[in-house]
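**Q** The residues making up each chain are set out below.
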Amino acid sequence: MSEITINNKTVKLEGDSDMPLLWFLREKVALTGTKFGCGVGSCGACTVHIDGQPIRSCSMPIGNLNGNNVVTIEGLSRQDKLHPVQQAWIDFNVAQCGYCQAGQIMAITAFLERFPSPSDDDIDTHLTNLCRCGTYTRMRKAIHHAAAQIRAKGATSQQQGESS
Amino acid sequence: MNAAINSRRDFLRYSFYSGALLIAAPLSFSSRAENLDSAVGAITPLIRIAQDNSVVFYSPSPEMGQGTNTALSMLFAEELGADMKNVSVEPLPYELKRDDEGKITWKVIPQFAGGSTSISRNYELLRNAGANAKQLFLMAAASMFKANIDSLSAENGYVVMSNGRKVSLGYLAESAAKQTLPEGFKPTLKDKDDWRIIGKPHNTQEAIDIVTGKPLYGMDMQYPGAKVAMVQRSPYFDGDVESFDASEALAMPGVHQVVRLPRPDVNKYYTYLAGGIAVIADDFWTAKKARETLKIKWDKGPYAEASTADLHKKCDELLKEPGQVVRNDGDIKKALANAAQIISHTYKIPLVSHAQLEPQNCIAHVTDSKCTIIGPMQSPGSASRLAEAITGFDRVNMDIRYTRLGGGFGRRLNSDHTAEAVMISKLSKLPIKLIWTREDDLRNDFYRPMGHHQLTAGVDDSGNVIAWSHHLVGTPKYYRRNNAKPEELFGADIYVDDFPAGRVENLQYEYTPVTFGAPQGSWRAPAHTANAFVVQSFIDEIARATNQDPLALRIKMLGEHEELPYAQHGGPTFDTGRMAAVLKKAAQLANWGKKMPSGNALGIAGHFTFGGYCACVAEVSIKPNNRFRVNKVYAAIDVGTVVNPEGVIAQVEGGINDGLSTALGQQIIVENGQVQNDNFDRYNMMRIGDSVISIEVAVVDSNASPVGAGEMGIPPLAPAVANALAAAGDIRIRHHPMRA
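For the record, the sequence lines run as chains A and B. Residues 591 to 754 (the working numbering) are what the first sequence spells out, left to right. Residues 2 to 741 (the working numbering) are what the second sequence spells out, left to right.
The shape of chain B in the complex, shown without the other chains (with noise of 0.2 Å):
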């Protein structure tokens, strides 16, 4: 394996985060890796071929479920001229290195996941390397078979030269690999009209082994000589080990150690979430046991009293307060006063945990010299910087691989459990396998913050709304965030320039922090799906309150086509006619004002995520004992261009059932300072009978930038639902969930 290694450092020849090269291919002969162990041995930075043709992409983004290793590949196959059926997708293995200056940078590619970057950032960089390395199997054939490159194509796996002659990419490998790019090349992209792949629909790659159930994921991985780790961490958020008996479990037969972690620093962002107790022992249940007869007494910390409904109720009073103006328009006191019409009302939305199906885990070994992880994450980077905190290794040296996920939706942003991991590998001196149970994993996220919204608006005698305001008092995401500063705690709960910013003349949005011991952090389309659910459920209370109807108020809000500065992420405008277009388009495909029985009806909703617009038309069915089904939802989408429709109409899909699920069911709730339902039997998520029974998603192609599709789905579901229900039994649900 070492030579291996060294054989793989030697062949990165290209490695310019440029993109300007990023295939350097040694012939491999083995078709597929079966582990990350072998894989790390036979890789080159982005892709394989071997000589039957077959290719291995190596996906700079971690893949979650959010389709990228497919959407990626595509991007690289197409320029490359490789056939997609030949193509199959592996984690490139984390690589840094330090530029001429000393500083820290990729060595071959950025390698993360998460706000639905992956398309827009690899969009140019992965068509320019595939388009590098076609020119490498041209210059091949060319010199191989005395032609002139100029007459020579790539299409399907193959080389074909002006005679109709045809080489496959995999018999050109070895010599392409030998190829050096003529000074300051420049690639031609293809025209979207030649493309073959790019914008046509491409299933799952990986959907055989997920159904035949091979390892993929980091809790499948395998680390010789592992032992299973399991930490009793502090049940109170800030809390700490005050003292603990470990005898019982450390005469356990199979069990190696006991270590203690120190509560991390509670002034600063958390490294990882809580001080405890790690078991560490031969196998899963033999550390589960042991961990069950430590003895601890705990130091409660400050929050030992914390509850979500004292947090309810603290919010509910400081909303009486004035909160942190943080936009102003126009006179918003001024146009509510001369306002026909006054419209005003509250939503709560609660705590919730990410909740992924797969449980944090992680694989570490730190020896004296060398790091090791392996293991669910999204952000790499953000692992390495804790590992090098906790080990002081250099970080460009470590061994790091992340694995598929089983679900990331944000949590794994985060790499508390990477860090956890390396810190008990290092204290132990073991290599050590961390697995969390389902309990841990729901007491120890960094939940989606809760929050109360007010909303105010002001109506003149025609229907137009004049006024608009907006106050938040919620649990800020940037709580304990490094250097943000208490009047900056705002910037990831309300985006200032979300609609109806822009569009309404006196608006003002105003935000109140909570504070409350539970770490706050990113899920699936942070803010957006609270301020989606009450700014898209408002807007329809003042369509109902002023005899408009929904779809034709929103239209009218969003007024003339126009791009408005949009300075947060998914900016730098917001496109008003796009917008409008889907939502036209969503109601379109639900025949929008057609007769429906007694008990049913249609709600529609429109959202701005991250560069992408999406709406959702929900159709729901009232059910008796206050029960109700979303029988069906119609959906329109525009990601700019399309990468895989096919791709892209999954995300919504899951966008849609997702959103369900947690408008309907879920929350967090803390008691005595102790999150209460820490398992699937206590925390509500959605099963098949409650999920939406049909989906029909437009996708709206255009020649705009791509962005990704992984939470633009999810946002305007909740308030579409919401929007029907209120349509279908003048029953308006304020508050998640709206089961409770």
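Okay, chain A solo, but in the shape it has when bound (with noise of 0.2 Å):
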């Protein structure tokens, strides 16, 4: 069967092919960061990115994937450092139950490589990950905080590329 990476491992795809990678990650890998809300591609609680686009897991076969690059909220962080929208979400105590925030994250990890720098509509036409805590509030401002630290950071490493 076909291989495909998650987290920077290999790891070879076992089981039915219409089996969504939620369930092989929650159940066959343990990877259990990634939720299970609504198995439809409605919450966005499942969400990971594939190949660095956000995928709502519980919709995608895995028996559709090869050799793709996948990568969960386990995987988020490099070296123990957490990426700066993680950051954020403590900094800004969004989480209340925290069963949908893996996949809000996710979302917007990626939202932000699009929009770096974006403004409320493009978070109420871009995110539609749910959340029945109603931290919807904090998330916003959070997104803001993170994408200003993403950019300032990307702002500093250019600067050390050019400077060297």
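Because the hints were derived from the structure by calculation, they are not lab data. This one's a predicted model, so the numbers in the text were calculated from it and none came from an experiment. Heads up, the beta-carbon is just placed ideally off N, CA and C, and yes, glycines get one too. Some hints could be false.
Stated by the list, open to error - Ranges of calculated distance between the beta carbons of each label pair, as one might list FRET restraints:
#1 A:Ala745 - B:Ala310: 52 to 62 Å
#2 A:Arg668 - B:Leu251: 39 to 49 Å
#3 A:Thr715 - B:Asn592: 22 to 32 Å
#4 B:Arg740 - A:Lys671: 58 to 68 Å
#5 A:Thr715 - B:Arg683: 20 to 30 Å
#6 A:Glu604 - B:Lys193: 54 to 64 Å
Assembling the complex is the task here: the two chains are given apart, and the hints tell you how they should meet.
**A** Okay, here's the thing in structure tokens:
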């Protein structure tokens, strides 16, 4: 069967080809950070990155994958350094029950690649993950803050690149 | 693991519910148990302190996002003198015991979460427990360093001696565990002025685990050998399996067993929700595919034709008939006859689902002698009672562990999911992990009751409300509740002491129950969400009809500062002054009365929920195509003494968005006896695109007894929005969902 990369590890895909990636992650490789919420691609709790794109893994059969690069919430931080969105989530105390937040963070990290300086309208239009606890208002603040952090870091690394 | 469990029980030396002493710390060098199994091996009842000074606090209230892990650990840490930076929190495994008379009671401390009671229930208990624990550390230090105990104090994780020397709690833990409190010792609690932790903002303890995807929830738990169980439940309320053929499922590789769950007794309150067929398989996907192959003929039961459309029609009809008078002050008929103006409107509230993001799930393992339950529960007590009824085992000896909940909102006060899991494990003799799909979850809920409310007011020449009548026709939450007589059904849907009771001389509350097959239950701030919407909308309508300012009319109706008797949950009194104060505070934040561009307006509402006072001012803009946006909400909340202001603010913000989400789009639709909108593509929950863009919360601190904050934010939001829409564009919405 085919292989994919999950959080920088090569993994052989096993099981029914129609099994959604969500259940492969949760039950076959014990990566339970990716959550089951609806099973129909509506709530976004299962969002992961596949080749850099935010994908609702509950609706992605593993048979459609071969050689893809999958990143889950467990693989988002690098060398124990949190992604700026994760850090903003802590600093702004976004999470309540927290169940949707892994999916939110995966959707938002991908969103900020496309919209490095998002407006409130961009957020309203392009982010559709559900949160029952009602943390949206804090999310919005944390998104703007994380975007600024990423932009600042990008500018810093660019300057360093130019000077060396 | 067994040895560790035994040692744990040995160490439960002082576990009095009175809170006399709740620490008994064997040294543990692992700073943090990675999963529930190892946690069982390593802990003491409420805390474990390791040599590195890290403190694990075992919380007696299941954490579901309401922030009790943080707030309760703060109470304990304050008196212990711990440093919150070193404190992490885990769920306390459920523990019961028999007292001297053989009566079952809590072994350590009450374990439960619901009704915003965790703070009020634990406020004294956990501070006393922390102070007792501190005393043991002081005794240990006094003996180790030959110091006078009165010269010692504990702060920031250290015992401090009079000469300034410090020794860490971790270093002292082993010795402290060997100390015994003097007979009759009563701890002295810190003065409020000396608090270093309580009253200061603290972020969620588990934030780092949440944002990195650590396994925290029932859905994430693993159990050795557990198979996945999934149930095809009767799609009809009180329906049952007439016959079934599972041969195809049983022939599938990875499918272990198929067992039939009998229909629960329809004449009693629910133990679980529906009869059905359970499929047990190696994994989720196999179980789901096998379930799809089941051929089941349903006995459709008594509600096969039921529909929410018919239910609403029935409510309309019943509203024309008199109901049961559940409160009657003065003479409503005479007062209405004498009124200068009569105003009357009807408001409609639908059934809604809890729709917590983590679908129901539960691990259960029933052997010949033991019952293990691991999963998301608000009431492990009810889980244990149902498990006792199913297995016949003594619930004192069960192994029950609640996990973090991916949302509770009252859904998991009922333990139907744990009962189902126990039953399937018992029938199959396998350890199982029951998983519900979202469709299962939306189709099988204890829904928030629906109802039609008719409000009628009589106003005199000076704009004073002299008569008030409220008639609710609805599906009672107490439907089928054990021991609830027909004339008591109103009790969970009209709280008879709710405002404006006691403030309008001639006042009548009436109730008419309607039978519908759907189970009804507690849903975040239960009847307050509906009643706040109708009462606070109606006051606004009176204000508009009589040319009074909506805030001024509320303040006038609240009258003199007085504590009115309040016999329902949240009492014993309702303080009119505290209510007026939060209304004024929210209005002040919003600059009430300010000029706003056309199509924009403010609306105000306030409500007393379970001992807490909360008011909201919503600022809305009318948008094209009958849409609108809530741009900003200003809120003020008074929950008495504030334990964690950051947690209170977060709960109010969450309640505001949750309240908007529920009011805008949510309703459960039943046709032909079946729930139609059984997933999030059809059950309309709010996304960030409709959420409140900005929220400002003022927390009013006081010396009043503390209450929780999990439910107070939600009731005033929907009426504040409805009132703002009326002010912005003469749009008066008297129903939920507001977008329908």
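**Q** Please name the hints from earlier in the document that this structure breaks, with their numbers sorted from lowest to highest.
**A** The structure conflicts with hint 4 only, although it agrees with all the remaining ones.
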